[in-house]
Amino acid sequence: MMRTMMRLVRQGFADMGLYPWVQVCTLAAVTLMVFLSGLFLITLVTLNHELGAVKGETAFQVYWRAGSEMALVEEQWGRLKNLPWFTGLKTFTPQQALEELGTRLHGKKASSEKLFPFLTGKNPLPATALVSFAPNEEDTERWLKETGEYLQNLPGVERVLATPLRDELGQAWRKAGRYVMWPTLAFLGLLLGLVVGNTVRLSLFARAHEIEILQLVGAPNWYVRLPLLVNGATVGLLGGCLALVLLRFTFLQVHSLLQFPPLFMEIRFLPLELCLALVALPTLTGMAASYLAVRGDPSRTM
Amino acid sequence: MIHVRHLSHTFGSYWALKDCTFSLEKGDFLFLSGPSGAGKSTLLRLLYGALPVQRGEASVADMPLHTLKHRQLPALRRKVGVVFQDFKILPIRTVNENIALPLEVRGLAPQQVVRRVRAVARALGLENHLETPCGALSGGEQQRVAIARAFVMNPQVLLADEPTGNLDTHLSFRLMELFKQFQAYGATVIFATHSKELMKRHPQAKILWLEDGAVRDANWPGARILKAPRHREREHGITLPPPDTEGGRL
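These protein sequence lines map, in sequence, to chains S and R.
Numbering of the first sequence is given in my numbering, commencing with residue 154 and proceeding in unit increments.
Numbering of the second sequence is given in my numbering, commencing with residue 933 and proceeding in unit increments.
The following block holds chain S by itself, in its conformation from the complex:
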């Protein structure tokens, strides 16, 4: 029995060479489907990471009055770092802001005197700071109000904009994860299973004659199925692995593509468990499709 089974497994591998074009086309279709699913998952993983990284974070954009004493402003920048729940500070002097503006407008870096000679000594831009916090307060609303008032009352400060948007976005994403992301992933899995399964089943039509003959000479179902299961699993496994290699290659080409302002997003590759799922799902689906392909008896009609 074991000898027969081992022979059938070997035959399953060997039989793949009998219909090379069918196998190549099936492999290509499976690889493409897994690759597209992988791209979609990479998008989800990247979004999840970006929004997860800033969840609960709140930023205040602080504008000082134009022409404020820079020594005083810089002293306040130093004090901002001591505030509770402080996580980051990004500052712009009027000079830096003007140079940034020039760079954006002209597309090249140059001194503000060169770019805007008519503004020399008359820079209208204020000093600004983007202060980020990750508050862990029970009453976030009260903390937001108090911190906003504190910043507004700093000497020389003209205007303060609170940007709790990132927090809201993070919360929205968490809700989406609960109500949309998992069903989306489940749907993707189902779609992948159906497409890969049907592709493998279609490839077995080329062997329908062989299956019929095996059944006519008295082969039990397991005897007919085993080489086909090996075939289906191999195509699924190879397709999954090839798609992962292609995904990795594509990732290496584009992972820094979104590293520009204001996005500064780093594309993330799939975690190990998703990589394994992308290989396991087509493998199992290939096996299931092969199993179902012999469910009927082609040798028995009407």
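Hints should not be assumed to be uniformly reliable.
To be verified - Covered by chain R, according to a simulated footprint, are these stretches of chain S (three or more residues, beta-carbon under 8 Å): (1) 353-366; (2) 372-386.
What the hints assert, rightly or not - Simulated crosslink set (SDA-like; lysine to any residue; CA at most 25 Å straight-line): (3) R:Lys1001 with S:Ala361; (4) S:Lys267 with S:Gln249; (5) R:Lys1020 with S:Gly170; (6) R:Lys1020 with S:Thr157; (7) R:Lys1138 with R:Glu989; (8) R:Lys1020 with S:Ala359; (9) R:Lys1001 with S:Tyr376.
No lab work stands behind these hints, which were simulated from the structure alone.
Virtual Cβ for every residue (Gly too), placed ideally from N, Cα, C.
Position chain R against the provided structure of chain S, taking the given hints into account.
Then chain R, alone, in the frame of chain S:
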């Protein structure tokens, strides 16, 4: 060995087989004859389980077909060898692989498989083609491969659906001798054919003449003969006598 009682089969509203009754014992040789569309292939397909029994009863090699479960089909087919009109061989596999198929299904040891395949291939003049893919063989050679595949499993019952249709007269007669030899070993053989010459070469064989799906004549008492309705004869203006007869019994 083969018992058929009131067996009928329809394809939609078309009656392919009507109330067919006959019995064959171990070692019997039956020529199944009749015009095209008479129901010969349908009867054979019913006997090897390719069609489910709709009406009537049948048993082959002690297996009742009318109560046969799907999972019991492999067991039936390991007792029944079939030679098909369209060969049903695998063209991309070699002669050796095709003939060995039923033996491998039974899990025979490789040495036994090789020995039996060679013996049958030699008997059928295929020993020089064992490693040739079947697709590269002529029609006659492919038919011999199909016959070898049925012989090699040493079945209790051998069903042959016009097995000599693609062979020349000399080879047909040679094959007829092999079928007779097979019968002599104790197998029950049903041989569907149009050829009167072949039937003459085995005068001891039983003959069943099918027409319009019904048994119209037979040369042994184990078969129940249904007479053709008279209105049909008037309608066509002719009668269709069985071969080698003048409209009477075989």
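Do the hints match the structure? See the list:
| no. | hint | in the structure |
| --- | --- | --- |
| 1 | 353-366 | holds (count 4) |
| 2 | 372-386 | holds (count 4) |
| 3 | R:Lys1001 with S:Ala361 | holds (22 Å) |
| 4 | S:Lys267 with S:Gln249 | holds (14 Å) |
| 5 | R:Lys1020 with S:Gly170 | holds (21 Å) |
| 6 | R:Lys1020 with S:Thr157 | holds (24 Å) |
| 7 | R:Lys1138 with R:Glu989 | holds (21 Å) |
| 8 | R:Lys1020 with S:Ala359 | holds (15 Å) |
| 9 | R:Lys1001 with S:Tyr376 | holds (18 Å) |
Consistency note: the structure conflicts with none of the earlier hints.
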